[in-house]
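Student: Sequence:
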Amino acid sequence: MKSMKWYIVLILACYTCSGLVGAQDDSVYSVSKLSENIYKFETDGGGYTVKVLALVGPDGLLIVDAGEKEAGEALKKQLAQLGYGNPKIIISSHSHIEHTGGNMAFGREPLIIGHRNVRSRLMSGSYLFDEFPSEALPELEFDDSLNLRFNDEDIRMMYFGGAHDNSDIIIWFVQSKIVFVGAILNGFHFPSVDGKTGNVLEYPETVARLLAILPEDVKIIPGHGADCTMDDARKFLHMLSTSEDIVREGLASGKDKATLQEEDALKQFESYDGSYTSRDHWLTCIADGIEDAQHPKAETKDIYRPIYYAYRDEGIDAAVALYHKLKATESEEYGFDEVTSLIIGYKLYSNDKKMDAVKFFSISVEEYPEGDYAGFCYRSMGIAYKEAGNKKEAIRCLKKALEINPEHQGTKDLLEELEG
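Per the working numbering: the sequence shown = residues 424 to 843.
Hints were generated in silico from the structure; no laboratory data involved. Hints may contain errors.
Computed list of lysine-lysine pairs in DSSO-like fashion (alpha-carbon distance at most 30 Å, straight line) [said to hold, decoys possible]: (1) 776 to 823; (2) 724 to 680; (3) 720 to 776; (4) 500 to 463; (5) 619 to 750; (6) 815 to 776; (7) 815 to 835; (8) 658 to 619; (9) 814 to 835; (10) 776 to 748; (11) 500 to 776; (12) 463 to 511; (13) 600 to 658; (14) 815 to 782; (15) 724 to 750; (16) 600 to 499; (17) 776 to 750.
All chains should be built: construct the whole structure from the sequences, respecting the hints.
Tutor: Below, the structure written as structure tokens:
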């Protein structure tokens, strides 16, 4: 369950706020001006934000990140209102889909820049189901740093991977005194950790290295959450190091994660709670990181690759059959867990293959009827059946979703619409 936890946080943030990421209107991004030639485009999902920066000038348009795939066309239209056409350059702060999915909206025109791990990541694992075309992947890659002069701005790109993800970079607009830090520094919220390519125990040192190079008057723009100052960033670093100390001391005294959560061991940092990551989740991340450091787990095979190619080449029934076969015969080698079928279902749903997604959501609720994500799966199936015209199954699934999460207003509204 740990390996995809950052992604599940994203899914549940979308579920909490709107149910599922879906069709977006043309004004999905709010726009604000950060400097004479830098604009910030920001979505607000009730506490879960995604940001895009736009630099304009005589050389044209450059953007940092392209947001979610579902909002890509809306972003394209809103960027056009700046009067500089499509981006000439897209800089990807890291590989995660809510930052790179929008690349697909811009075709072959932009030069995409990113750390060398972005391309390899987007061509493996569950990302295979996103089916990134080659033109949506970085063409210009680097390892440690890259400097760029564009629109009379010195842009410094520097690698700070290893804590949140292994492809994280910062993008520093030197003259404008603005730095985009992606998900390295969440400002006023707990961060997330990619369980496959991140390491929670590297967070304090990574953020400390970042703060050591930034000037005091820089404006820090996280990819998620509110913008912040250097003073805010130092408080964030204090939270990181102190929360790790608290969890280490608690575990050393013989307490387990559940006990520390019951005691609300991180209560002093409750202001950092958000839909992105709660303090209970952050405590779990730290405890799991400490345990993994003491007792490293064996590497597992990539379960998504064979299932994706079975799906692509032979269809949904072949993919489902292979899932069951591998789970029955090679479960430990592939590291099956509660989120494996959920992630496949979510990816298929996001690619508008909703009835195919239903098959994997059904596996998830059959295998884990009391799991954390059963309500999400039933709601997703309800929407898929509704769009397919199967009113009876849609109602059944939405009622199951409400049994699990009675307060979810979006589910209530859908059910009322179908039954009304």
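Student: Which of the numbered hints are not met once you compare them with the structure shown?
Tutor: 3
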